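Asker: Residue strings, one per chain:
2 protein chains.
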Amino acid sequence: MKPEKELPPQQQVASLRHGTVVDHLNPGMALKALQVLGIPADGAALLGINLESPKMGRKDILKLENVEISEADVAKLALFGPQATVSWIREYRVLRKVQVTLPDTISGILRCPNPGCISNHEKIESRFGVERRRPLLVRCGYCERAIEEAEFVLR
Amino acid sequence: MKPEKELPPQQQVASLRHGTVVDHLNPGMALKALQVLGIPADGAALLGINLESPKMGRKDILKLENVEISEADVAKLALFGPQATVSWIREYRVLRKVQVTLPDTISGILRCPNPGCISNHEKIESRFGVERRRPLLVRCGYCERAIEEAEFVLR
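Protein sequence lines correspond, in order, to chains L and Y.
Numbered per the numbering used here, the first sequence finishes at 155, counting up by one with no gaps.
Numbered per the numbering used here, the second sequence finishes at 1155, counting up by one with no gaps.
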């Protein structure tokens, strides 16, 4: 069979006609971002995991076809990469591009890994304070357990 | 910003220089296939989910860079798409391509979703018989619970 053409790193995952591109996620985090944003009901999801990146060494990228993610979703994505950018694409053009911003408090996305934590036993929203940004470290607002990125579990 | 070029569907996920390509997975199943095969320690993983496919309507594709999956892994992949193919790539060329074959019995990959099933309480390998191939239906060898693809949980 004939060899296929090599694509430059930035095109390792194809361009979208319409949709949302989340670039510069931390390596391995595209899967968690997809879990939060969901697989498009009417379109494809493209994920690049551990891609080479001049800026980050390794990075992830997530592209969602025919989906326009909301501002609320953008805020959640900061958890999976403080350097992440979100671009809204229409007809192959970038309509708008933003850098994610990590809030000081994260509510209702993560689950506390402490089995004894009250947030796992009562109907309350989880809440974590951001204690350190790089590498990311958050602290449970209920039991005060400190949680690193590798321990993140989604609710 | 300038519009990017549209790629044909088969190139929605870039070509690999070295590695393994799993094509024609059932839609949504690339994530489970990645869970079984693992993220490459030394390379990228590229996933296309819900891609358009003339043959299947929608399909998934999984590409693992710098990884040569084993025959044992190929057998596991049949669970995630009876039409799946596996190609081993070196220097952009397909060294070998095989169609997956679903065995009659599946051992040790899936977990029985029945919480009362003995396979969830004792140290025994899970075992399912293949009862129907399309759509896939398997039956637990211990508690006889029938399980459809949407209920598959990996061990």
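Keep in mind that a hint or two might mislead.
Claimed, not checked - Beta-carbon label-pair distances, calculated as ranges: (1) Y:D1042 with L:Q35: 24 to 34 Å; (2) L:P54 with Y:R1017: 52 to 62 Å; (3) L:R134 with Y:R1017: 30 to 40 Å.
If you are wondering where the hints come from, they were derived from the structure by calculation, not from laboratory data.
If you're wondering where the values come from, they're calculated on a predicted model, not measured in any experiment.
Even for Gly, the Cβ is constructed at its ideal location relative to N, Cα and C.
Asker: Take the hints in turn and mark each one as holding or not.
Answerer: Hints, one by one, checked against the model:
Evaluation of the 24 to 34 Å hint for D1042 of chain Y and Q35 of chain L yields a pass: the beta carbon distance comes to about 25 Å. Checked against the given bound of 52 to 62 Å, the beta carbons of P54 of chain L and R1017 of chain Y, roughly 19 Å apart, lie outside it. Between R134 of chain L and R1017 of chain Y, the C-beta spacing of about 32 Å keeps the proposed range 30 to 40 Å intact.
This entry does not satisfy hint 2, going by the numbered hints stated previously; all others are met.
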